[in-house]
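Student: Each chain, letter by letter, is given below.
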Amino acid sequence: MAGRRAQWGALLLFAAAAWLVYDQLLAYRIALQYQTPAAFFLFTRSFLLQWLDHPGGLLLYVGRFLRQFFHFIWAGALVVGLMSTVLGAVLVFLARRAGNRSLLLPLLPCVYLLIIHAASTTVLGVLMAAAFLAACMALRGAAIRHLVACLILPLLYWSIGAFAWLFVLSLCLSEARSESVGWRHRLAFPLILVLEALLLPPIAYRWLFPISWHTAWLAPMRWPPVPLDWVLFAYLAVLPVWGTLPVVPLSRWLGAPRRSAVLQAGILLCATAVLLAQAYSPGLRIVARYDRLYHAQRWEAILTLANSGAGATTTAGVEGAMVQFFVDHALCRTGRLLDSMFQYPQPWGTRGLVLDLPSYADDVRLAEYTSDLFYTLEHINAAYRCAYDQCVVQGRTYANVLRLAQCSLVNGDDALAAKYVTVLEHTLFHRDQAQRLRRLLTDPQRAARELSAQRRLLPTVELDVGLGNLGALLALARGRVPNRMAMEYLIAWCLLDKQALPLAVDEMLALRRVGYTQLPVHCQEALLLWCWARGTSLKRARKLCAPGVLRSFDRFLRQPDAAAPSATEGSSAGGGAGTYMDYYAYSMVPASYVPAHGFQRLADEFLARADTVAFRDLLVQARLHRRSRARNRGHPQRSAATGSLP
Amino acid sequence: MSRIWSNLFGEPTHPASGAGGPAARVRLMTHPVASRRQMRSAVRVTVIGLWGLVACAGPEIPSQVRTVDRPPALSPDYVDLIIPPNIAPLNFHIREAGTEFVVRYTDAHGREVRQRCPNGDCRMNVGAWRRLLARSRGGVLLVDVYAHEGDLGWVRFRRITHKVAVDSIDAYIVYRLLTPNRQVATIKGVYQRSLEGFARQRLISERDGTFQCFNCHTFYRHDPSRFFFHVRGAHAGTVFINHGKTRKVDTRAGTMYRPIAYAAWHPDGRHIAGTLNEFAGCFPATERRYFSHTVEKRGDLVVYDLDANRITTDASVFGDDFVETHPCWSPDGYWIYFVRSREQALITHCDLDSFRADLMRIHCDVERNQWGPPETVLACAAQGRSAAFPRPSPDGRFLAFILSSRGTYPITEPSSQLCLMNLGTGAWVLADSANSAFSESYPRWSANGRWMSFLSNRGDARSALPYFAYVDRCGTVHRPFVLPQHDPSWFTEFTDSYNTVELVRGRVPLSEYALFRAMRKDAVPASIQGAPQVDAVTQATIRRRSERRAMDEGDRQGHPSGNPGVAKIRNRRH
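The listed protein sequences correspond, in order, to chains A and B. The numbering used here puts the first residue of the first sequence at 1, with every later residue one more than the last. The numbering used here puts the first residue of the second sequence at 1001, with every later residue one more than the last.
These aren't lab readings, by the way, just hints derived from the structure by calculation. Mixed in with the good hints there might be a few duds.
[As the list claims (entries may be wrong)] Okay, the calculated bits of chain A under chain B, using three or more residues with CB under 8 Å as the criterion:
#1 171–182
#2 384–390
#3 415–423
#4 428–441
Virtual Cβ for every residue (Gly too), placed ideally from N, Cα, C.
Build out the structure end to end from the sequences listed, making use of the hints.
Tutor: Structure (structure tokens):
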């Protein structure tokens, strides 16, 4: 009795620790996972039905139901902690039946699943398989147990898919080593169960579900599993027969009353520490911090965080691009983009300014931010496109459904907006947003009033949204109504691209139209650089520049070509010494992505509009782009575009 | 049901089992144990029957009502329609203020069915609905909607009068479901749906990425057991189904730069007219909606002989001067109707707007492989309009087609409208009662020629849904109705799009797995005859220069041997 109480106490302690870890240290995982389709859940019949036409669909459905609580970090941590604890309780029960009273053996896999898999389908699948196994093993009478196992196996396969194999394996092992029944029973039952298990996927594939052969056997398991997952599955399969295995002396040694508590706790803590070190991602944590501030629209806080050096080490991966995006956006919101953007790392060039990553999967995953940006810039169709593509390729998320509703509303497509609002109304935590939009739908005058500013700024220049981010920014910047943010983003894009310097210089002329009384710092630097590179007189350009800019430009000119300005490590990865010249000459950034013939098509569009300046600039860019593509053939997506001064 | 009945009254399940018939029933009834059982069953049946009667009687119609002289706002707008006698229940949602709703259906014989509609959702029992329609065939079906508006009491809206046609509509539709307007379309599958009920079955699906794209399922004379469809990407080919037998052909053979896309069966069931198409388009920035503005930048017409596995064509319809697309045969198999636009360079988005197609036809003797000159049926490009999707009625009297202001891809074009041409007189009219301010496309006739289906995105300007309209003997298209759904709230959440809706007489008798296996077969390459050489890189017709010279020569001389179609168009323009 005392042992059982101790076990319960340990499990509660485990739950509390799990909650604490996910509420604090690993909270970023909950926050980031909530933005994915895996957390999207609707309380509708049609949503349920779409999960029932393949094995394991129910498991995915339950997973989504639980993950919707990730809306709040504390609730998400609670879900993760509870799932692991319930799994721990089931495994403790199974271990006790196998004659093992140690807490370590059942809790070790729980710790692994908790830290590595959080609230993934794997944890749920293992939990369900273990729960069914425990329920089955709790039945008295071998015949009933065998009958029930055979009967529930198809149901189990339909609900949890390939995780049912864990149930089959464990039960077969358990029954094969059971001493309560005769050898014929011991042999016959596993054979029948395995045979049934082998028949289920072909039947599902042939008659029941529209699935591939691979899915029939393995869904919804992640394939191929990491090696540690293999170990886990093998471990879990033999857990119910642990007491009868030759490793039992180890188990007894661990379970000895004197040394058990301290030793087991020590081993568990060590395992936890090792796994945490393995799973913890400082880059993602920083991204989550930025993301929280971004969604709260705390732009100064983002810049403060950036000034503190957070994210400076994560420049290479996708995290670096995201940090660059957050910082650039915060700079733009505070009106400092063209004055101080190169004081912060710009490791991804144009691809970090407007997230456009080389990997299509990452691009779609992060389309929400691009959609946000274009929605803020008032290019509603581009915002819609990002959200819609993400919705189609990856699945619905709360953010993309909301964006689709907002875009439809701004476009005046009320019927379509109403559909997306209806979808949001069926969620648990986004009904208030839906109600807000519904009020606009039911009150057209209010909608006209609230959306008039956005509608006024919609693009008036027709450029194909499919031509990429440059086309979208050009369409906005060339609109009838001045759009300051769009203009800043366009010039920033051109500056970051390096090859688009002529276009940037030409666009600078329009800065006065959006309220600038003098050229921003980076534009002054770009202008000087451009004039110097063309060999034209710097006199006129110098008149437009501040003394500080002139000093830093002169300093740049005095430097030897080969050496970096301040020999900082960051400069080679886009982190500058604060001037555009340094960025241009020394930083290595990925080449901008523009669809095939994109520059040429943009140039043609401007030619048709008789805008010869833009046509000339874009034509130059098209030529340079073709040349750099030819030069970097084989690595067109990730080629480093170093500025080469003419 | 018969089994339950027979169990209740002691009749054998199968009449041929030897124990059936009145004598057997008497024998059973006289047995004391059996009679007790029968008594119990009879009581049970009586109770169920009485309960059924009470339930069927429905809610009471309030005696004191206020009348409103307008029809109720319904979603979908099922008001004053002509409906087929075999259509599924027209379930709807009442979009009126009220706490309680009652609907009364009255058939042509004055019999009523009353129904309470919780939350305004009116879902009719399929059996009761069928009986109503059967009794109203050729007459009218009246629908009265009552709403209880709290303290204001009951309100009755103006009576809805549906005319129930004598002519039935085909029992099934086969359609493709996809997400609309994405750069890379995601196809959810090809489904068949009963029009007499709500049963839906998936015929083709991507099977977890096994297939990427499948399209243009085309049935031979509405026969569900004889059709073909294309598979693109992995396992590419055209799959032919003929009464359970399957065959897969690679129609991208020889100089064919693309496989056949749009296609239509010849009445002989052996030949298929098809076009090879290439698309181009853009996503406009300034339009107040997100959509793909698409045109067919390349298209050529061919005829495929199913038995000989051979593709034939003619230089007048295969070349890079014109874009031919949307072919279909006249019911006598003498003409191929298609649309044709002049091929031009696509440089800016404005160039997309200048793609406009004329309605054409060409005589093709499939037995002798003889092609006549292309003839212009309707020269609409010169008038700033573009034709698409011609489809003659089964009796050959009318030609349904789509007319829009630009492009050959009316699915996303709001200006596209359904038109009907009298092939006898050549006069054509806009089907005003069927058209809306949004896109109408893909018209199809029912087997008896009295019903027409088409796609329209009038619901939300994006999701295309199938609509059905009655076409009377004079060629008037009546007010259409949308495909009924069991749950009326379905319309408020559906964001995908119906595509390629084909009317078929019955259920496709193949399982999804059988089609899956057919799709995975290796495709047999088809041979090609008479097609001009096409450059492998540029895909330009190599004979182009000589062809053009000949055509220009003919054009100058006004001689039909060159290309009379061009001459005709140019003459009309002048």
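Student: Next, verify each hint and record whether it holds.
Tutor: Here is how each hint holds up against the structure:
no., hint, in the structure
1, 171–182, "violated (count 0)"
2, 384–390, "holds (count 4)"
3, 415–423, "holds (count 7)"
4, 428–441, "violated (count 0)"
Violated hints, listed in ascending order, are 1 and 4; each of the other numbered hints is respected by the structure.
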